[in-house]
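> Here the protein sequences come in this chain order: A and B. Counting in this note's numbering, the first sequence runs from 108 upward without gaps. Counting in this note's numbering, the second sequence runs from 778 upward without gaps.
Hints are computed from structural coordinates only; laboratory data are not their basis. Keep in mind that this is a model prediction, so the values were computed, not measured. One thing to keep in mind: the hints can contain errors.
[Stated by the list, open to error] Some chain A residues close to chain B (C-beta under 8 Å, calculated; not the full set):
#1 127
#2 223
#3 299
#4 303
#5 330
#6 335
#7 349
#8 356
#9 360
#10 368
#11 369
#12 371
#13 599
#14 603
#15 612
#16 613
Where a beta carbon is used, it is the ideal one built from N, C-alpha and C, also for glycine.
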Amino acid sequence: MAAQDVHAHTAHAHAAPQGFVRKYVFSLDHKVIGLQYFFLALTAVFVGMILSLLMRIHLVWPGAAIPLIGEIKPETYLSLLTMHGTIMVFFVLTTAPQGGFGNYFLPIQIGAPDMAFPVLNMLSFWTTFVAFVVLICAFFVTGGAPLHGWTGYAPLSALTNTGPGEQLGADLWITSIAIFCVASLMGALNFITTTLDLRAKGMTMMRMPLTVWSWFITAILGLLAFGVLLSAGILLLLDRNLGTSFYIPLVVVNGQVMGHKGGSPLLWQHLFWFFGHPEVYIAILPGMGVASQLLSTFSRKPIFGYRAMVYAIMAIGFLGFMVWGHHMFMSGMSPYSAFAFSLMTMAIGVPSAIKTFNWLGTIHRGRVRFQTPMLFAIGFVSLFVSGGLSGPFLAQPTLDIPLHDTAFVVGHFHLIMGVAAIFGMFAATYYWFPKMFGRMMNERWGRIHFFITLVGAYSIFMPMHYLGMAGQPRRYSQFTELAYLHRLIPLNTFMTYAAIVTIAAQFIFVINLFWSMKKGPKASDNPWEATTLEWTTSTPPPHDNFGGMTPVVHHGPYEYSVPGAARDFIMQNDPATVTTSH
Amino acid sequence: MATFIPAVEIRAPQGGHGGSDSHPPLRGGGDGERGRNGGPDFGQRLRRARLGLAVATAPIVMLFVSFASAYIFRQGLPTLDDKSQAYVREWMPVNLPVTLLLVNTILLAVSSLTAELARRQITRQVALLPVRSIPGVSLGRETKFPWLGSTVVLGIGFLIGQAFAWRELAARGFYLATSASSSFVYLLMATHAVHLAGGVAVLLYAAAASLLGKSLESRRIVVDVTAWYWHFMLVLWAGIFALLEFAS
Ligand code: HEM
Ligand SMILES: [Cu+2]
């Protein structure tokens, strides 16, 4: 690693690269790599979305013949479910906010010419890409994609004869995840070193934009969590292929005694959730950073309680490593451990609430500009609150036991992790598009996209809470024949229609995105009148970000409407001395 | 093993960019002393590489910690016996080839020492570069002992020794899937070996780098970071060995 970076540096300190391959494919420029991550995630989100559409259609019209696929069989439903979850969690929610926007904007926002280790950065993107290709291959091998869900519980996932998708498909699945872990570790290493070592003069830690703080803490979570997932994956591969029994107890499958003995399926759950809970924060923290940045910018007010925001991110990250057991209340754990996990989980509500109050405090009495990025940032807060409120319910073991295997949990995590994080990405896209592509996105279509998506997402996921309480199980391919669920069919049908409309509305976004790249009105260097360093450089930024200059930072990141200042915002590198708030 | 050619010119230290600004920033933050416009700044690159290594040890530690906790967790777990249909404790301690492993440990410890000497040797060479580049100045005889090469040889020796240990384990009837304990022995040893092999590859690169015309300073960074990594590998191995020997 170190050896290659020595290369990288000499290559990078010099002129911009020439030739298509060096410039756009194996580029060392963090901006190009950021866009590569972005487009990878965009591809992944479309694949994942189509899979979810098929699932929703199958749920309410189980016999329907889908063009090209035909009727969806129960095992196919489980494959769709697994691949949907895996693609969304790893290749969308982990890839775009951190790998995409973090890569592009973290170095610029701290005034650095690039990431600390550019070759490593390129490697981490291409490794992620390989992981994605390996995962997609699972669709096309004999037996098809795995059935064990994105959480891959053993022993289902650890044996090779438990179902069609559990053959080669499951091997590809776990291999893909292991490769993804390595890629994420390389990325996290780069983010942390860059933040610690490459800040421009004057960019103290407490002057970093909250986006940078959230990428930084996310990288620390990734650094500690992905190593554990990797270890879990290695053990799973050994169990599947080399006859070990880490996860497999004495089991009988289809009347056949398997040669395994003494392993523990709970070991997988512990390792997986030790990663899994930090992972949900890896998905959401960057969105929190973007929301903070945008709420302040578009309210023309300093962020409310900057330091409290920083400490809250740290507290969430820290507590996030001590609550994994709340996913395992059903596992027969001792009530004392369940109590401890429950308490720690509810403790996370405190920093989450601090953040929410500070966001509201930031908008309060601001001169709010309701442009598309701001709408999505507000939508993020809304979804974070409505998805987060169900968390403390699930954190009570007594409530969780009836709710755990129902649609209630699906509603909880889709609102808070799925849709809220996606709103963070939409906000980031509309906000930074002018800097990335030099043009503005269409405002009117942006708003239409926002309103349909907001209403649509709530229509799909809010009713799931009700369905769960009424007893609709999750991960069942068919429920329409169950008499006690008959009453719920109309509501489910409504949710499927809502999904169709919401998914259709995403094409508005994609068309807007590509159309604006070519045809959008030219953007100025600082169209939103924001303060952070990416808005001081030209649009799009030159190869080394600041055109041979090194920015010097004089101000905190959110100096809006400072009394006595000439304009209602002071750029971070503005040498003016009207500083009052730092 | 390699001859070092002082090919790099000496630059004056870079002044702080923006230091002449009329309103200097309140506090230091990052630093301006980058040398970013004036060619590579090796001191800063060394610091960055060391920081990167320090960060990189965290996930490696996590990987081994999770294996180790799985090991301890599994040890305390009763197993369902298929004949008696009762839960029994069947942890079967592995009969480790302790002498061989001790020899390997000594090999690794010595290689850690030679890695350190290689690190100091190249550091001294870099420090003497400015003097050497003065025309007509000779520093007389210098120690040229191939510490780097010795480290590579000893490292490979350790890996071969571990392979022998595996053969010995197999001869005693312990294969990967024989018992939970033997699975963990192979797992921990193999994961450590893979990490050490990575270090060997980097050192080979460092040795080859002089042939590839890399500057002494660049090679110094590689050697420095790898030496620290090597010490880390030694500590890690000591931990694994202790775990396998005493917690079985
Ligand atoms: C105050 C905050 C939160 C609390 C108290 C909380 C609590 C819980 C609990 C107790 C469960 C387990 C439910 C079960 O499986 O029976 C759960 C599941 C889940 N939560 Fe949260 N949560 C919170 C915030 C979040 C956030 C911020 C995210 C993501 C960004 C998230 C994502 C998830 C996911 C993905 C699952 C389900 C995983 C699965 O089983 O497939 N949660 N939450
Ligand atoms: Cu959790």
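> Against each hint, give a clear statement of whether it holds in the structure.
Status of the hints after comparison with the structure:
no., hint, in the structure
1, 127, "violated (27 Å)"
2, 223, "holds (6 Å)"
3, 299, "holds (5 Å)"
4, 303, "holds (6 Å)"
5, 330, "holds (5 Å)"
6, 335, "holds (5 Å)"
7, 349, "holds (6 Å)"
8, 356, "holds (6 Å)"
9, 360, "violated (14 Å)"
10, 368, "holds (6 Å)"
11, 369, "holds (4 Å)"
12, 371, "holds (6 Å)"
13, 599, "violated (40 Å)"
14, 603, "violated (41 Å)"
15, 612, "violated (39 Å)"
16, 613, "violated (35 Å)"
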